[in-house]
Amino acid sequence: MNEPVDMRTISVKVNGVEHRRTAPVRMLLSDFLRHELRLTGTHVGCEHGVCGACTVLVDGRSARACLMLAVQSDGCEILTIEGIANADGTLHPLQDAFQRHHALQCGFCTPGMLTTLMELLADNPSPTEEDVKITISGNLCRCTGYAGIVKAALDAAAVLRGEKAPEI
Amino acid sequence: MKPPPFSYYAPTSVQEAVALLGSLENARVLAGGQSLLPMLNMRFATPDHVIDINRIPDLTGMAIRDGEVVIGAMTRQRDLEFSPLIREHLPLMHEALQFVGHRQTRNRGTIGGSLCHLDPAAELPCIAAAHDAVVDVVSESGAREIRFAEFPLGYLTPSLEPGEMVRAIRFPIWPTRTGASFVEFARRHGDFAIVSVAVLVTMGADGAIERASLTFGGVGSGPMRMHDVESALIGKRLDAVAIKAAAETCGAIEIDDDPYTPPHYRKHLCRTLVARALETAASRASGSRP
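Protein chains in written order, with the numbering used here: chain F, 646 to 813; chain Z, 1282 to 1571.
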């Protein structure tokens, strides 16, 4: 049982900031972000890739941080919930729309919802309601019933296209 | 819910990877990790060594060679989903990819990983079976090919020898006047299929079926080709009578009981989905869309 633990040094850029840490090779990316980098905004729900709460963007693509080893992110750029707001601290249009539409209640699924939708809006500035529903099909929310989340995503897309936010 | 301890290797070439695979006991290959990581987290899998093949550039990409689409084992499902080459030459795969997991898992998940994991409800093994794909396998001692019909040995078990790994998968392209259709029923979009069906039909100039392929996913321990139904369709027009006959045969297949979906329910789905898939494939074939 006392075999030496296999460790690696991992260099990652998270939300624009370079980090370098040594961690056991079996450490999940989700635990690396939370425990090593103290970025606890990434939530850990099921830890087997079902709930979507730990979704982060790895080199611009959404991924479940509980289904990646931290060592696999060496050399990657990661965006977490902590990196979504504007540099001056004001909310990103997606966060703002979530607030206005009451698209969260307990907030546990919110980091994963936002990162997943960030990728959708980057890929497709004019998603349909169906596109949004399919995109968040991998993210479980047990409070809202999803309606507010879908509305918020469509609203944020409109704002990002330069249109006025629709009246609620 | 944390992976057990293991030692980790990240080879950057296929030679390096097969050398490791040939020399290490109880080693597992880590592809996209969308099945292996949950199995590690839940400790269903406890390898002593994990060989991560994500940093081998030679395993990624797709090309057409000698009438086949050749796809590197580590090509991501998301890259296949958005590839114009796949959409044009393997429309059955393009359609099926919409049902593979979720956006987050398709971004990481690979075609080789899905085929080697061989989940009975998975879509990509179903497509490989439907297309009579060929799996290119490599080990320290050389390379060989495995016809996909011989690839699944049983539940979650590919016919790979110790020390072997998948390098690429070759999908023969079907001729023009082929219609493809993939239909699936699951409880929620992206969930494991309760039943899925993949259909390819090629129509002759006279409108009769020249060639057919019909495969079920989710009903057996692996993809299930329906060779008797396929041969019964040859020479027929794909009208309501032919579709009904095919659906009835499909509704009579043996299905094991499972606690969530009883056999009679899945047999009903087989009948219904096959009829839908055949209708769609027929209309696509006559529209001369590949």
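No lab work stands behind these hints: they were computed from the structure.
Since the model is a prediction, treat every value here as computed from it, not as a measurement.
A virtual CB, placed ideally from N, CA and C, is assigned to each residue, including glycine.
Some hints here could point you the wrong way.
What the hints assert, rightly or not - Partial chain Z-side listing against chain F, Cβ under 10 Å, derived:
no., residue
1, A1291
2, V1295
3, Q1296
4, G1303
5, L1305
6, A1308
7, L1311
8, Q1315
9, L1317
10, Q1379
11, F1466
12, H1470
13, D1472
14, G1485
How the hints compare with the structure:
no.: 1; hint: A1291; verdict: 8 Å, holds
no.: 2; hint: V1295; verdict: 19 Å, violated
no.: 3; hint: Q1296; verdict: 21 Å, violated
no.: 4; hint: G1303; verdict: 20 Å, violated
no.: 5; hint: L1305; verdict: 13 Å, violated
no.: 6; hint: A1308; verdict: 13 Å, violated
no.: 7; hint: L1311; verdict: 8 Å, holds
no.: 8; hint: Q1315; verdict: 6 Å, holds
no.: 9; hint: L1317; verdict: 9 Å, holds
no.: 10; hint: Q1379; verdict: 8 Å, holds
no.: 11; hint: F1466; verdict: 15 Å, violated
no.: 12; hint: H1470; verdict: 4 Å, holds
no.: 13; hint: D1472; verdict: 9 Å, holds
no.: 14; hint: G1485; verdict: 37 Å, violated
Violation of the numbered hints given earlier is confined to hints 2, 3, 4, 5, 6, 11 and 14; the remaining hints are satisfied by the structure.
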